[in-house]
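Q: Chains as they are written, first to last, in my numbering: chain L, 12 to 661; chain P, -8 to 210.
Hints in this document: simulated from the structure, not taken from any laboratory. Just to be clear, a hint being listed does not mean it is correct.
Partial pick of chain P residues on the chain L-facing surface, computed with a CB cut under 7 angstroms [said to hold, decoys possible]:
| # | residue |
| --- | --- |
| 1 | Leu13 |
| 2 | Glu25 |
| 3 | Arg100 |
| 4 | Lys187 |
| 5 | Leu188 |
| 6 | His191 |
| 7 | Arg193 |
| 8 | Val197 |
Think of the CB as a built atom: it goes at the ideal place given N, C-alpha and C, for glycine as much as any other residue.
Each chain, written out:
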Amino acid sequence: MIARMRRRLWQVAGAVSVRWKIMGIVIAVVAILGSAVTYQLVMADVQSMRAQIGEKGLAMSKALAARGADLVLTNQRYALYELATEIQQSDRDVRYVYITDPAGKPIVQTFGAGFPRGLLALPTPDPGAPQAVRRLSTEEGVVQDVAVPILGGRGGFAHVGMSEARVQGHVNKDIWTSLAIMAGMVLVGGAGAFGLATVLTRPVGKLVEATEAVGRGEFDTVAPVWATDEIGRLGIAFNAMTSQLRESAETLLERNRHLEALNAVASVTNRSLDVSAVLEAALDEVLEVSAAGAGWILLLSHDAGPPDGPYEFQVVARRGVESGGPPGALLRQPAPCPCSVDAMNPGDPAEVRVGCPLAGQLIPRDAEGSEIVCVPLRSRGVPVGVLNLLYPSPVALSERERRLLLAIGDQVGVAIENARLLAELREKEIVRGQLLQQVIGAQEDERKRIARELHDETGQSLTSVSVMLKSLESMTPPGELRARVSEIRAVAANAVEDLHSLAFELRPSVLDDAGLAPAIERYARDFSERHGIALDVHMSGIHGRLPASVETALYRITQEALTNVARHAHATHASLVIERRNGSVLLLIEDDGRGFTRKPAGGDGREHLGIHGMEERAALVGGTLTIETEDGAGTSVYVDVPAGEEARDP
Amino acid sequence: MSKIRIVLADDHAVLRAGLKLLLGSEPDIEISGEAASGEEALARAAELRPDVVVMDLRMSDAQLDGLEATRAISALPDAPRVLVLSMYDDPAFMDQALAAGAAGYARKRDADTELLSAIRAVARGEAYLAPALTTVMLRRIAAQEAGERPAAGELSARELEVLRHLALGYNHRQIAETLGLSVKTVETYKARVMEKLGVHGRAGLVRYALAHGLLTDES
Ligand SMILES: Nc1ncnc2c1ncn2[C@@H]1O[C@H](COP(=O)(O)OP(=O)(O)O)[C@@H](O)[C@H]1O
Ligand SMILES: [Mg+2]
Chain L
12 MIARMRRRLW QVAGAVSVRW KIMGIVIAVV AILGSAVTYQ LVMADVQSMR AQIGEKGLAM
72 SKALAARGAD LVLTNQRYAL YELATEIQQS DRDVRYVYIT DPAGKPIVQT FGAGFPRGLL
132 ALPTPDPGAP QAVRRLSTEE GVVQDVAVPI LGGRGGFAHV GMSEARVQGH VNKDIWTSLA
192 IMAGMVLVGG AGAFGLATVL TRPVGKLVEA TEAVGRGEFD TVAPVWATDE IGRLGIAFNA
252 MTSQLRESAE TLLERNRHLE ALNAVASVTN RSLDVSAVLE AALDEVLEVS AAGAGWILLL
312 SHDAGPPDGP YEFQVVARRG VESGGPPGAL LRQPAPCPCS VDAMNPGDPA EVRVGCPLAG
372 QLIPRDAEGS EIVCVPLRSR GVPVGVLNLL YPSPVALSER ERRLLLAIGD QVGVAIENAR
432 LLAELREKEI VRGQLLQQVI GAQEDERKRI ARELHDETGQ SLTSVSVMLK SLESMTPPGE
492 LRARVSEIRA VAANAVEDLH SLAFELRPSV LDDAGLAPAI ERYARDFSER HGIALDVHMS
552 GIHGRLPASV ETALYRITQE ALTNVARHAH ATHASLVIER RNGSVLLLIE DDGRGFTRKP
612 AGGDGREHLG IHGMEERAAL VGGTLTIETE DGAGTSVYVD VPAGEEARDP
Chain P
-8 MSKIRIVLAD DHAVLRAGLK LLLGSEPDIE ISGEAASGEE ALARAAELRP DVVVMDLRMS
52 DAQLDGLEAT RAISALPDAP RVLVLSMYDD PAFMDQALAA GAAGYARKRD ADTELLSAIR
112 AVARGEAYLA PALTTVMLRR IAAQEAGERP AAGELSAREL EVLRHLALGY NHRQIAETLG
172 LSVKTVETYK ARVMEKLGVH GRAGLVRYAL AHGLLTDES
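Could you build the full structure based on these sequences and the hints that come with them?
A: Given below as structure tokens:
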């Protein structure tokens, strides 16, 4: 509760400016002081005036009692009346005069218009006391009733009523005077307070303004310092602080700029893996943040020259310089030269060099006093090139700027290396693909040759044997020999059968001679018979011939996929769809078996080799292979292959 | 009764010798000529007018292979019958041979046991198919008939849509994406459609979709 009030108070007080607080305090103090003094004065005045009036009343009362005693005794009412009137008129403070008999009944009075009842109600004073003073509130104000006994009370009492009205008037006058004086004091005090407040608050106000300006980021604001008092010292401290702030803000901004630059370079170097695009973008970024007006990047040629011999460079990016060789041009530069060779020693710590004697010959500098700064480009410490920057005027690079340039150099170096590695990888991938194609092609050719050989030579010879045995058999009379011949013939027939399957497995000649559809049909029939899995085949649109490579690939993929179905799927039904549609051939092999979870390649190296082979085969003819499977939900193999050039003759 | 006159065309000399030996001992068969290539076979056939030409399909170093020779011989006036005797038992080769005009197709493997009856059948003007191939032929006819009348059930619009996409060869994930379903739901639909149609896989679905014109709006 109290705490809340205090908080409220501070809220209100806090909202008022210091100037008004000072003035308020001064005025309040003056007003309180003035009021207190006035009160004291007025009270004292009132007391003394009351006493004065009382004493005057007593004197007159006593005089009345003394002079009236005889008249009371002699009962001369008129004379008493005249005495009373005289006394009343002797002083303007006398409000009334009256005399009572000992019982308190008025004998003479000066009221004229009848005796007020209130006075009758007053108790009869004690006749023993020399006087009785009572203060009465009337509608005309306070009246002091002073009663003095006449002849010890035996002659009655003389009453004089003294009005205190004059006291009130006096008090009022006093108060007005005091107020006037106080107003004057407030004015003077206020003016003084205003002056003081101004003296106090103006420097503070300036400080506040300066602080606010600094808060807005105007670090070059200076607070005025007028004196060496506390406020002056505050101003000095403030100025010292702002200048420090200014410096650190500048450092911060610079660092921020550097970070942004590095970031920008990092992002352009990450965006693309094409070396020249990366380097041009990086060069642009560097020129953006540095004071350099032009620059070019030299890449150390792949087979770097001898340690002391001329180095071969390639200009890969150029901005703002006409010479330095066209992009792609080979430069030979003799050692040593900061803009090339010096930056190339792998052992040395990377260093930004300013100035190069040779660069002047390479790059005609149009402006006198321009300067070349050479930034080494390294990847994992190995030099890959140089970034040369042309500054329009001599430069003094700060440590921080050097570090920034080195960092950019590293970034660019890594990007170059990455791009090179990627290019290498791509090349290797292409070579691998070609090799694979060759290997697969050679394998297929070899299989074809062997299959032919088995069929056309060995197979036919064996067939001849069995045919000859047959004729021998028919010439031999029934008996032991004939049975033997028959046996041999059966062996030969078996051998032919085996040979036939062997040749078919190696490469069915129907694939070459009649095309994919008959080959698949044949394979599917054998498959169902051999494995007891119902294989439903649907083929459409491929009764014309496809390119041999596509036919071989699809046939081999079918073979492998169906082998997997037989070996792993535990399926009861399998389905095979081949459809040629819109320039591509779709091959789909599906089973209702147990499915599997594909494991990532690798591991023991033998895992998924069949599936990998299928993928390779599909990829080599420009197609894709997708496998959809899940534990317990069957397996579907989708192959999508471009149909290639127009079908050959059926 | 006159003998069946035969021309033997095969590039494999040893086999030819074996066949001559086999056929020579038969009283009703007479080998009137031999050929080692398609063009030779054609020449012998035209010149000797045999009843039957026993023709190998693949003959190396020949201008005409067995198939082309069969075609040419069948085109001769009053053509001799051609019995193809091949190492291969693929229905495709049989189709090709029959289309070229052959009257029969026998496997060399069965030559010791079947060749004689094959020659006699062809000579009689009948067709001859190796027993291994007749089963293929029968199965093919059966499959064709089954394909013409796929079992039909009531399919909902959604099921038809899923069926159409399945028949077009989309994978489950693609169908799920296209139709805004989960892969699981697509699989459920697929199972239901297969159950309703009484088929066991994609091939059956494609066949049904084709037969019911579900794929016609797709070029
Ligand atoms: N149709 C399938 N049904 C169930 N599991 C399969 C199927 N195809 C492949 N798999 C699983 O994937 C594995 C990898 O197959 P693959 O690469 O062909 O190698 P391999 O057949 O030599 O084991 C198999 O070992 C098997 O566990
Ligand atoms: Mg496998």
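Q: Against chain L, is Arg100 (chain P) within 7 angstroms by beta-carbon distance?
A: holds (5 angstroms)
Q: Does the CB of Glu25 (chain P) sit less than 7 angstroms away from some CB of chain L?
A: violated (14 angstroms)
Q: Holds or violated: the hint that Leu13 (chain P) contacts chain L, with Cβ atoms closer than 7 angstroms.
A: Hint on Leu13 (chain P): holds, closest Cβ of chain L at ~4 angstroms, below 7 angstroms.
Q: His191 (chain P) was flagged as interface toward chain L. Is the shortest Cβ-Cβ separation under 7 angstroms?
A: holds (4 angstroms)
Q: Should the hint that Lys187 (chain P) touches chain L count as held when the rule is a Cβ pair under 7 angstroms?
A: Hint on Lys187 (chain P): violated, closest Cβ of chain L at ~16 angstroms, above 7 angstroms.
Q: Using the nearest Cβ pair, does Arg193 (chain P) come within less than 7 angstroms of chain L?
A: holds (4 angstroms)
Q: Next item in the hint list is Leu188 (chain P). Is there a CB on chain L closer than 7 angstroms to its CB?
A: Violated. Min distance 12 angstroms.
Q: Taking the closest Cβ pair, is Val197 (chain P) under 7 angstroms from chain L?
A: This hint holds: Val197 (chain P) lies near chain L, its Cβ roughly 5 angstroms from the closest one there, short of 7 angstroms.
Violated hints, listed in ascending order, are 2, 4, 5; each of the other numbered hints is respected by the structure.
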